[in-house]
Amino acid sequence: MDFVTYLIRACQEPDKPTSMTNSSATSHFDQPPLLAVHDLRVALQTAHGHVDALRGVSFVMQRGDTLGLIGESGCGKSLTALAVMGLLPERAQVTGSVQLNGTELTQLSEAVLCKMRGARMAMIFQEPMTALNPLHPIWKQIAEPLQLHQSMSLAAAKKRALELLERVQLPRAKERLDAYPHQLSGGQRQRVMISIALACQPDILIADEPTTALDVTVQKEVLSLIRQLVTEDGMGLLLISHDLGLMRDQVDRVMVMYGGTVVESARTPDLFRTRAHPYTQGLFAARPQLGLKRGTRLQTIPGNVPEIFKWPQGCAFADRCPHAQASCRMAVPLPEQIHANRNADSSSMQTHEHWVSCLKWQQLETSA
Amino acid sequence: MSANSQVLLEVQHVSQQYALPKTSLLAKAGHIQALNDVSFKLAAGKSMGIVGESGSGKSTLSRLVMALEKPTQGQVLFKGQDLHALPSNKLREARSDFQMVFQDPYGSLDPRQTILRIVSEPLHSTLHSASGQSLSSLDLKDRATLALSEVGLRASDLNKYPHEFSGGQRQRIAIARALITRPSLIVADEPVSALDVSVQAQVLNLLMDLQDRFGLSYLFVSHDLAVVNLMCDDVMVLQHGKVVEAGTAEEIFQNAQHAYTQTLLAAIPGYSK
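Those sequence lines, one after another, are chains S and X. Mind the numbering: the first sequence is residues 1 to 368 in our numbering, read in order. Mind the numbering: the second sequence is residues 1001 to 1273 in our numbering, read in order.
Bound-form chain S, shown alone (with noise of 0.2 Å):
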């Protein structure tokens, strides 16, 4: 049974254990999944025509998931943040399902998605100062979707919005509600974008690239931060990063993108122990790591992320990879999985699978 298969017959069939996991709990399966992405495709208008930069990603999360999405740039890791979203450039072909609690997305009009945005998912950007309107206080900045979405007088948003900055820790938050953005620091500013994204209770967040403009002491308060208050609510989080030692520490489970499909999917502490595809095994050997003598070479993926329409054909990875042969470039490698059956009684089923998209991963020594 392919991957896809597999993941709309544990979303559809809840009652029915899969060949692939005995799971007898069904509880989970009561209700339809937080978030399931189904073969979502996205074709984006270039100076070439429309050429696919998602190629089919599919993935299931349910409430308190934590998700992390890697990958270099180029890979489809923000378009696929968009995509959930609904906020694609206008041109954008979408194929495929995005099911937030059972409701298809991608067939919305931009007006109920308008209403939706904020509501019932959010997101942080990278950049909190760009992100934030400079000509107004903040405290104006979180009542904004409050009123938007839950109707609320100003003065009524503005009492939340200072319980929603105490909530983000951010340091005298009452003297603070009529600050503008660049009378705070980058963290702080990052506390304010979260205090917006969380203002309506979503139930899905995404962060793109939370804390990559922050300084590392205060990237690792505001990632717990944001662990914490995704655990409080219940929330379902969509974490993308490049950051590999940030992965290990904050989400449960890490997708690896390449070329616009996810090529491995795995929990992260099994991901961390084997790494079967060797687009992963690639980034996982160029980070530095401490431990490292001066002037150690690094190694490194020969060559770079292709353009969108240059893509190979069969697996995008192919031209990197040193592993490849002829039969790489025939088709795109189906996801297939590692150590089936390992859990039996878990009760959250897929998530908790290895998954790899590569035909020779049983060939190659995956490295510890």
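Among these hints, one or two may not hold up.
[What the hints assert, rightly or not] Result set (DSS-like, lysine-lysine): computed pairs, CA atoms no more than 25 Å apart in a straight line:
no. : chain 1 : residue 1 : chain 2 : residue 2
1   : X       : Lys1041   : X       : Lys1070
2   : X       : Lys1041   : S       : Lys293
3   : X       : Lys1022   : X       : Lys1070
4   : S       : Lys158    : S       : Lys174
5   : S       : Lys310    : X       : Lys1041
[To be verified] Here are some of the chain S residues that sit facing chain X, going by a computed Cβ distance under 8 Å:
no. : residue
6   : Met152
7   : Thr217
8   : His242
9   : Gly245
10  : Gly282
11  : Arg287
12  : Pro288
13  : Gln289
14  : Leu290
15  : Gly295
16  : Thr296
17  : Gln299
18  : Ile301
[Stated by the list, open to error] Quick list of simulated restraints, FRET-style, between CB atoms:
no. : chain 1 : residue 1 : chain 2 : residue 2 : range
19  : S       : Glu175    : X       : Ala1029   : 22 to 28 Å
20  : X       : Gln1033   : S       : Gly295    : 31 to 37 Å
21  : S       : Asp178    : X       : Gln1033   : 40 to 46 Å
22  : X       : Ile1032   : S       : Gln147    : 37 to 43 Å
23  : S       : Asn101    : X       : His1240   : 48 to 54 Å
By construction, these hints were calculated from the structure, which means they are not laboratory data. Note that CB positions come from ideal geometry on N, CA and C, so glycine has one too.
Here the structure of chain S is known, so what remains is to put chain X in place on it, guided by the hints.
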């Protein structure tokens, strides 16, 4: 640092104050102490890492070393010369011996200039005008081609524009621009923090290769301790403009003494000791 190695750069008791804007008409303008009595030596062919958070004075220090501003106190000696005491024409000449690579490969290359113009810029501004020595356009092109080949780019790239290159390639162009004057010192301010991990590895390897080949010294500003550990012989940790810890990279990372250094280490994602 071994005693017999030649000192290339010596920073002696450097302090830097910046005036803050007046808060009222009659009040005295306040000031901020960006650097407070910082001293260090960098030997030829070695690398010094400067670590600290934003606001710790890392960038101020690199601006002082690049002679882009004068310190309120103290001296910067480059090959024994006090850079800030040099007359402007001598300083201009001296500049070809120390160059800088910036963090943002998108912001630091002029989008309207060709790669030839960008890479040969330091030759225009130093050699050309200062010593009266004029380089023919053919020479310029040759030297730019050479610099590009040293960073793994091709001569055919000379007539292209920055937007035609990826982030990693742009950072190579920035490094070629720094190399073209054959400097002894390169000040690199977060040179890889804007790059993907795989590209970062390529650029770090390139920087290490160039050091081995040309005997370059690096003053390497970074918040990434793992990168500093890999690239640098000595490390200096700055906090609020002061040196809180300094030593060989090994000493610092094996056995950090200062609480602030320990905080920085503990903040590395995935770090456990």
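For each hint, the structure was consulted:
1. X:Lys1041 / X:Lys1070: holds (19 Å)
2. X:Lys1041 / S:Lys293: Roughly 22 Å between the alpha carbons, so the hint for Lys1041 of chain X and Lys293 of chain S holds.
3. X:Lys1022 / X:Lys1070: Roughly 22 Å separates the two Cα atoms, so the pair holds.
4. S:Lys158 / S:Lys174: Within the cut-off at roughly 11 Å; holds.
5. S:Lys310 / X:Lys1041: violated (49 Å)
6. Met152: Violated, about 36 Å.
7. Thr217: Since the shortest Cβ distance to chain X is 5 Å, the answer is holds.
8. His242: With a minimum Cβ separation of about 6 Å from chain X (threshold 8 Å), the hint on His242 of chain S holds.
9. Gly245: holds (3 Å)
10. Gly282: Holds - the Cβ of Gly282 of chain S comes within 8 Å of chain X, reaching about 7 Å at its closest.
11. Arg287: holds (5 Å)
12. Pro288: holds (4 Å)
13. Gln289: holds (6 Å)
14. Leu290: Holds - the Cβ of Leu290 of chain S comes within 8 Å of chain X, reaching about 5 Å at its closest.
15. Gly295: Because about 6 Å separates Gly295 of chain S from the closest Cβ in chain X, which is inside the 8 Å limit, the hint holds.
16. Thr296: Holds: closest Cβ of chain X sits about 6 Å from Thr296 of chain S, inside 8 Å.
17. Gln299: Holds. Min distance 7 Å.
18. Ile301: Status holds, d = 4 Å.
19. S:Glu175 / X:Ala1029: 22 to 28 Å: holds (24 Å)
20. X:Gln1033 / S:Gly295: 31 to 37 Å: Roughly 36 Å apart at Cβ, these two residues keep to the hinted range, so it holds.
21. S:Asp178 / X:Gln1033: 40 to 46 Å: The hinted range 40 to 46 Å is violated for Asp178 of chain S and Gln1033 of chain X, with Cβ atoms some 30 Å apart.
22. X:Ile1032 / S:Gln147: 37 to 43 Å: holds (39 Å)
23. S:Asn101 / X:His1240: 48 to 54 Å: Once the Cβ atoms are compared, 49 Å apart, the range 48 to 54 Å for His1240 of chain X and Asn101 of chain S holds.
In terms of the numbered hints stated before, the structure departs from hints 5, 6, 21, listed from lowest to highest.
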